[in-house]
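Note that the sequence shown ends on residue 262 in our numbering; no numbers are left out.
In short, the hints are calculated from the structure, not lab data.
No experiment lies behind these values; they were computed from the predicted model shown.
Hints may be right or wrong, so weigh each one.
Label-pair restraints from in silico Cβ distances [as the list claims (entries may be wrong)]:
| hint | residue 1 | residue 2 | range |
| --- | --- | --- | --- |
| 1 | Met227 | His205 | 17 to 27 Å |
| 2 | Val235 | Ala109 | 43 to 53 Å |
| 3 | Ala59 | Pro101 | 39 to 49 Å |
| 4 | Val116 | Asp53 | 26 to 36 Å |
| 5 | Leu256 | Thr43 | 46 to 56 Å |
| 6 | Asp236 | Gly106 | 17 to 27 Å |
| 7 | Val235 | Gly106 | 16 to 26 Å |
| 8 | Ser258 | Ser215 | 27 to 37 Å |
| 9 | Asp218 | Ala11 | 18 to 28 Å |
| 10 | Thr43 | Val116 | 17 to 27 Å |
Note that CB positions come from ideal geometry on N, CA and C, so glycine has one too.
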Amino acid sequence: MTLTHPAYGKLRAVTPSAAVLLANNPGPMTLDGTNTWILRAPGQTDCVVVDPGPDDSEHIAAIAEATGGAVVLTLITHRHPDHTGGIDELVRSTGSPVRAMEPEFLRGDVAPLTDGEVIEVAGLRITVLHTPGHTADSVSFLLADAVLTGDTVLGRGTTVLDRDGTLRDYLRSMDRLLEEGAGRALLPAHGPDHPDLEPVARYYISHRHERLEQVRSALDELGADADAMDVVRKVYVDVDESMWPMARNSVESQLTYLRSEADA
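Required output: the full structure, derived from the provided sequences and hints.
Spelled out as structure tokens, the structure:
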């Protein structure tokens, strides 16, 4: 039987070089849970882990079993604990070095990730793309046939911008992913994978511009100096109120973007 998303605790092949192991941490911000990606070139035994997921011993044990412990490198897409919480236990289980853009997540004798860097490991060629917006340290990983987008592009829904992410950066990141990733499979950190990143990325860009227009309209009614939460109540009526505090972060980014346009 062919596995489909979500398949908790089971290694599901997606492309010739990428398989996913879904952590059992579903929630409003994690959707079905965190996707831990296991990358391995055909015919290779060594592998690369992308995002070990939350601090969950059962999930880390499943990663170690699925890889046979042959993890030569672990990569982190961004700082949030549902992606980084399992780092130390995975290192104890496999001895893997860990690389991320933020130094606090490095393990072993390694350097922080840099934009445009090409990593050749486990028979793979992985290009690092700095794609800030969801967070300032967000990165994506470009493979020959796929793009691992972390939380920059999800498998369903849309991405929240955290307090250190900016809408200007996010839109630039989306344009870059569209340019470099079109025709490649989308391997997100949450939600189902997609055979082509391009239509999902185009939807994301369109959605952001629609929200900006909604915020502009709200400011016309509420006044140019309106509080972000007042805008949330006006614009995000289609979103559950439990998500409004996170929506507020996105609105603050939108307001900063619009007000910088007005000052330009």
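Results for each hint:
1. Between Met227 and His205 the C-beta distance comes to about 21 Å, which sits within the given range of 17 to 27 Å.
2. At about 46 Å, the CB distance of Val235 to Ala109 agrees with the hint of 43 to 53 Å.
3. Checking the proposed 39 to 49 Å range against Ala59 and Pro101 shows it is violated: the Cβ atoms sit about 28 Å from each other.
4. For the hinted restraint 26 to 36 Å between Val116 and Asp53, the CB-CB distance of approximately 31 Å keeps it satisfied.
5. For Leu256 and Thr43, the hinted distance range of 46 to 56 Å is satisfied, since their beta carbons lie about 52 Å from each other.
6. For Asp236 and Gly106, the hinted distance range of 17 to 27 Å is not satisfied, since their beta carbons lie about 45 Å from each other.
7. Range check, Val235 to Gly106: about 48 Å between beta-carbon atoms, so the 16 to 26 Å window is missed.
8. At about 19 Å, the beta-carbon gap between Ser258 and Ser215 misses the expected band of 27 to 37 Å.
9. A C-beta distance of roughly 51 Å is found between Asp218 and Ala11, which places it outside the suggested range of 18 to 28 Å.
10. Between Thr43 and Val116, the C-beta spacing of about 22 Å keeps the proposed range 17 to 27 Å intact.
In this structure, the earlier hints numbered 3, 6, 7, 8, 9 are contradicted, and the remaining ones agree with it.
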